[in-house]
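**Student:** Here is what each chain is made of, one letter per residue.
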Amino acid sequence: MTEHLSSAVLDVRGLCVEFPGRHGTVQALSDVSLSIRPGEILGVVGESGAGKSMTGLAVQGLLEPPGRISGGEVWLGGRRIDQLDDKQMQQVRGRQIGAIFQDPLTSLNPLFTVGAQLVETIRLHLKLSKADAKARAIQLLKEVGIPAPEARYDHYPHQFSGGMRQRVVIALALAAEPKLIIADEPTTALDVSIQAQITSLLRRLCDDHGTAVMLVTHDMGVIAETADRVAVMYAGRLVEIGPVAEVLKNARHPYTRGLMGSIPALGRRVERLNQIDGSMPRLNAIPAGCAFNPRCPEAGPRCRKDRPEPAPVGTGVAACWLNAGGVL
Amino acid sequence: MIVFLIKRLANAVLVMLAVALLAFLIFRFAGDPVELMANEQMSQADRIELREKLGLNDSFLTQFGRFVGNAAQGDFGISYRNGQDVMKLIAERFPATMELALVATVLSLLIGIPLGVITAIHRGRWYSEGLQFISIIGVSLPSFVVGILLILVFAVTLGLVPAFGRGDVVQLGWWSTGLLTPSGRASLLLPSLALALYQITLVMRLVRAEMMEVLRSDFVKFARARGVPRWRIYFRHALRNCLMPVVTMTAMNFGSLIAFALITETVFQWPGMGMLFIQAVTFLDMPVMAGYLCIVSFIFVTLNTLVDIAYAVIDPRLRDATR
Numbered sequence: 007m008t009e010h011l012s013s014a015v016l017d018v019r020g021l022c023v024e025f026p027g028r029h030g031t032v033q034a035l036s037d038v039s040l041s042i043r044p045g046e047i048l049g050v051v052g053e054s055g056a057g058k059s060m061t062g063l064a065v066q067g068l069l070e071p072p073g074r075i076s077g078g079e080v081w082l083g084g085r086r087i088d089q090l091d092d093k094q095m096q097q098v099r100g101r102q103i104g105a106i107f108q109d110p111l112t113s114l115n116p117l118f119t120v121g122a123q124l125v126e127t128i129r130l131h132l133k134l135s136k137a138d139a140k141a142r143a144i145q146l147l148k149e150v151g152i153p154a155p156e157a158r159y160d161h162y163p164h165q166f167s168g169g170m171r172q173r174v175v176i177a178l179a180l181a182a183e184p185k186l187i188i189a190d191e192p193t194t195a196l197d198v199s200i201q202a203q204i205t206s207l208l209r210r211l212c213d214d215h216g217t218a219v220m221l222v223t224h225d226m227g228v229i230a231e232t233a234d235r236v237a238v239m240y241a242g243r244l245v246e247i248g249p250v251a252e253v254l255k256n257a258r259h260p261y262t263r264g265l266m267g268s269i270p271a272l273g274r275r276v277e278r279l280n281q282i283d284g285s286m287p288r289l290n291a292i293p294a295g296c297a298f299n300p301r302c303p304e305a306g307p308r309c310r311k312d313r314p315e316p317a318p319v320g321t322g323v324a325a326c327w328l329n330a331g332g333v334l
Numbered sequence: 044m045i046v047f048l049i050k051r052l053a054n055a056v057l058v059m060l061a062v063a064l065l066a067f068l069i070f071r072f073a074g075d076p077v078e079l080m081a082n083e084q085m086s087q088a089d090r091i092e093l094r095e096k097l098g099l100n101d102s103f104l105t106q107f108g109r110f111v112g113n114a115a116q117g118d119f120g121i122s123y124r125n126g127q128d129v130m131k132l133i134a135e136r137f138p139a140t141m142e143l144a145l146v147a148t149v150l151s152l153l154i155g156i157p158l159g160v161i162t163a164i165h166r167g168r169w170y171s172e173g174l175q176f177i178s179i180i181g182v183s184l185p186s187f188v189v190g191i192l193l194i195l196v197f198a199v200t201l202g203l204v205p206a207f208g209r210g211d212v213v214q215l216g217w218w219s220t221g222l223l224t225p226s227g228r229a230s231l232l233l234p235s236l237a238l239a240l241y242q243i244t245l246v247m248r249l250v251r252a253e254m255m256e257v258l259r260s261d262f263v264k265f266a267r268a269r270g271v272p273r274w275r276i277y278f279r280h281a282l283r284n285c286l287m288p289v290v291t292m293t294a295m296n297f298g299s300l301i302a303f304a305l306i307t308e309t310v311f312q313w314p315g316m317g318m319l320f321i322q323a324v325t326f327l328d329m330p331v332m333a334g335y336l337c338i339v340s341f342i343f344v345t346l347n348t349l350v351d352i353a354y355a356v357i358d359p360r361l362r363d364a365t366r
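Taken in order, these protein sequences are the chains called Z and B. Residue numbers for the first sequence, in this note's numbering: 7 to 334. Residue numbers for the second sequence, in this note's numbering: 44 to 366.
Be a bit skeptical, because a hint or two may be false.
Distance condition first, Cα-Cα at most 27 Å in a straight line; then the derived DSS-like pairs of lysine-lysine [what the hints assert, rightly or not]:
no., chain 1, residue 1, chain 2, residue 2
1, Z, Lys93, Z, Lys140
2, B, Lys264, Z, Lys148
3, Z, Lys185, B, Lys96
4, Z, Lys255, Z, Lys140
5, Z, Lys140, B, Lys264
6, B, Lys264, Z, Lys133
7, Z, Lys93, Z, Lys133
8, B, Lys264, Z, Lys93
9, Z, Lys136, B, Lys96
10, Z, Lys148, Z, Lys136
Just so you know, the hints here were simulated from the structure itself, not pulled from any lab data.
Chain B on its own, in the form it takes in the complex (with noise of 0.2 Å):
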């Protein structure tokens, strides 16, 4: 178990370089940061010691070190939109995001498994067959659209919840929460309902594939051949050997989530990294651009990490296998 801790973690260190090698590339090819920096007032002279003093004489590989030793102490320079820390930029936006994206995972969750079981338990019965043909809606539907219609809905229509914003938010050390305030909650549903849908529906197809495969299996038969009640070989001995893919599929999801929650922040005008990005490209922000792409990277790369631990955890089989 410990070489496998060690090798995943050597793996995802790795990757970490590669990304940061990617977003280090980023200032390269945006052209000169000086000619960016700089206003037209500035003397050749001026230049050639802002080149110096911001280290751009340096080898390139000097630089990539230096880059890769700042992005690892939480250090992505200072944005040149507005002459912030971008550490702090990114921090500031990056609860709002998570929130979207936790809240849409545990709807997608709790929605899903109990659609995915009943339909695979009942197929063949209309209400079965009929989900599985709004799933298909709901994952060839893109969530901008699914955005707009539900705020046409829920908010324009019938005026239930805001269109847009995050509400009231309540501070708790670094954190903004708006789970705390009812504004904060009402904020919340529509925009995590959009971008929960499609995994809403992922989710269930995946289950429903996976538990009709372990019903069929020989395990669940001597199970009803030693007398054990149907709900409990449903939920505890077939969910459980479907619960695998869900949570791969699920982990990997959430680094996608938090990435591209950029459409639904941007529909929603939910104050989130998306929307940072968004605006960091439009001004070719670069060191805010380098910063998000780190950081969502590094979100991905942990999720993948604790998958495959979580993996060993699910299945002993495994456990076994890679001692």
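Isolated chain Z (complex conformation) (with noise of 0.2 Å):
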């Protein structure tokens, strides 16, 4: 355990975000941990809601005030960062942690070539001339495969087309080749064909330089094809994390389970799609114990009372009484 951690790019401990508000505070996050290796992508799943994106935006440090890192670290290579002030981050981001936004249509300035947002990126964290960064601008476009990018390099965003733009996009995300790239929905805003182009780009370039990726979704079809790892989230908690193919035939959460379930089979003629009854709780209201227990087919008295801590199972982690001595 502890050379797995050490060896993590990004290792999460017991992170937690609140928001304090009129009516209290919010728990949006409570206790997540997760660690991503070198060129692994860890998937990170749930509904709208559950905290995932939270998750990404409180590693990068760009919480929308008053939202806060209330508890727990972020390490990053072995360097903690949710300590770092503005300043500090402003060198993190962009130079350790690339990000990728769901939107490719409004995550670039209008008013900016490419080339002059890619060229802006790599000077501000790589000590290069101006032609030099021309360069790697277009090597890093055509890397990302843009075809011509010597005459795309001058053209404006929206002269390209969705697909393109993610991939100017990750371009930007890869322009000083950090160590761990955040990719919020990068997929959810394109066409179903060209998810599938962005999703093995990813991939490659992760094989490639060793990157690691945190891929938020609610995609559980681009988690299956893309990531190593998943790590499933409900109401701002993490409920289970483990290797894809496992979580995806074995899971050991019922919330899991019933993610899984809902996912229709091809080739299976299925009268009713199956789901999960009720919805997630509101952050301010969410129950004692488990917080997935009013919704769960299979809770016990145990899961109303007492918090489930999130133990080892299988080759994964999970958190449910369950696989930690009875729901009773």
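Can you join these two chains into the complex? Each is in its own frame, and there are hints to help.
**Tutor:** In structure tokens form, the structure reads like this:
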């Protein structure tokens, strides 16, 4: 366990995020621990509001005030980064953590050429001359699969299609060779045919550069195709984490099983799509015990009383009393 | 881009023709010019001859055509009041008004934009809210009140700057400028400030509103995620995305500044076009009024056309849309 952690690019330990508000403080993330090794893609799934994007933002130090990290530690490449000030984080963001956002249509500044935005990012983080930065920018555009990169260098974002724009965003994320890329729903805004291209591009870049990727998505299909391990989140908590194949086939947490069950299988006619009854609790009304207990078909008295801690099960970790001494 | 330019220019010409028609109609509505020009001793025959000489017996279209033709060459006839060439009268007064409006515009941008950015970034702080409050006063105070207050404080009580006039001017060809002499600059200060105050508050409020909008956008968050320093995001990425409406408003209002500087000019006894126009109105000096109307409209139309072209330069997306 210890050497595993020390070799990790990103190591998040017991991360808590809270939003103080007029009606009391809302606990947006509660005790989230995960780690990503070099060259590994960790998928983070969950319903909207489960805290998956929040985890990415907290790691990047991009929480919107009044949101703040109220507990836990974030380690990046052996350095603790959750206590850095904004100026120090500027040198981490882009340099050591690259970001990919959901909507490539809006994440590029419409008034600057993609070349200018690439060169800006490169020269902020690497000591390169203008000419070298331009050469690197063109090289990056080529690497992410943009045809005729020399000509495209001088084009504005609106002159690119959605998929091509997301490639530009990926090039921007790669600009300073970061150790970690946080991709927040990178394929959600794209056509299905383009989605596969983008995920395989991510996979290839990850393999070529040894970059670790935190892939936040609600799409289990994307996770199954791309990720090495998957972390499942529910109501701001981590419920299960493990190798993708293991979690897909042999989920340890009832919520994960429900999530898997709601994916319709091909070639099998079903009368009704499976669904998990009810909806995720609002963050200011999380029930006592296990957050999932009101919707859980297997919940017992203990689940309503005590919160289960994440504990190793098989090749992964799950936070469920079923795996930790029973629900009674 | 070329098609776009031609379209815009054709538009501008049409508007100018319409304005010329209005200016031309002033003559017809204000009574018989022969009666206005003639004195008591003039015989009926003289009057008929004068009427013929002025071309007043020609058809409406011929007369209008002649008016437009002359106006296009800068010939608006001679003033009824002192017999001087109208164009020359306006040209003498034009630099004074132009300088006043230019300085006011520069002031409004130099002061308004940074204030807008700062109040947007530090919204909720006491100084931002204070500026917001003061700006409401700035928007709602009429410029003659501001002018009189400024005169009272800075010219009368403190005696720092002159209360009226243009000070010494230097002739640069046909252009007379007060910017090159100390007394000219001192005289320019109060009127341009009075004229600019409303603009400053408008620019500030506009920039603030636009900045708050832009700062919420994804590309600003993405720029943060790329590690772009805060100030660079504010002044390079966000501000440039706010400039479009600022450019529009500034250019549009520049026309108004010139046209309506007449109030400020009256308060400060500024020898500009506005004063000329006020005098022309009191004397029913039709050619001067028509000339003023055409010149001011020409400035308006030119600015509007330039704004449209500037749009295409600032925002690459429009460049393609209009291709």
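**Student:** Confirm or reject each hint.
**Tutor:** Each hint tested on the structure:
1. Between Z/Lys93 and Z/Lys140 the alpha-carbon distance is near 26 Å, which keeps this suggested pair within the 27 Å criterion.
2. With a C-alpha separation of about 25 Å, the suggested pairing of B/Lys264 with Z/Lys148 holds against the 27 Å cut-off.
3. The straight-line distance between the Cα atoms of Z/Lys185 and B/Lys96 is roughly 89 Å, outside the 27 Å bound, and the hint therefore fails.
4. The straight-line distance between the Cα atoms of Z/Lys255 and Z/Lys140 is roughly 47 Å, outside the 27 Å bound, and the hint therefore fails.
5. For the hint pairing Z/Lys140 with B/Lys264, the CA-to-CA distance comes to about 24 Å; that is within 27 Å, so the pair holds.
6. Restraint check for B/Lys264 and Z/Lys133: the C-alpha separation of about 24 Å stays at or below 27 Å, so the hint holds.
7. This hinted pair checks out: Z/Lys93 and Z/Lys133 have alpha carbons roughly 18 Å apart, not beyond 27 Å.
8. With a C-alpha separation of about 16 Å, the suggested pair B/Lys264 and Z/Lys93 falls inside the 27 Å cut-off, and the hint holds.
9. Between Z/Lys136 and B/Lys96 the alpha-carbon distance is near 72 Å, which puts this suggested pair outside the 27 Å criterion.
10. Distance check on the hinted pair: Z/Lys148 and Z/Lys136 sit about 18 Å apart at the alpha-carbon level, within 27 Å; holds.
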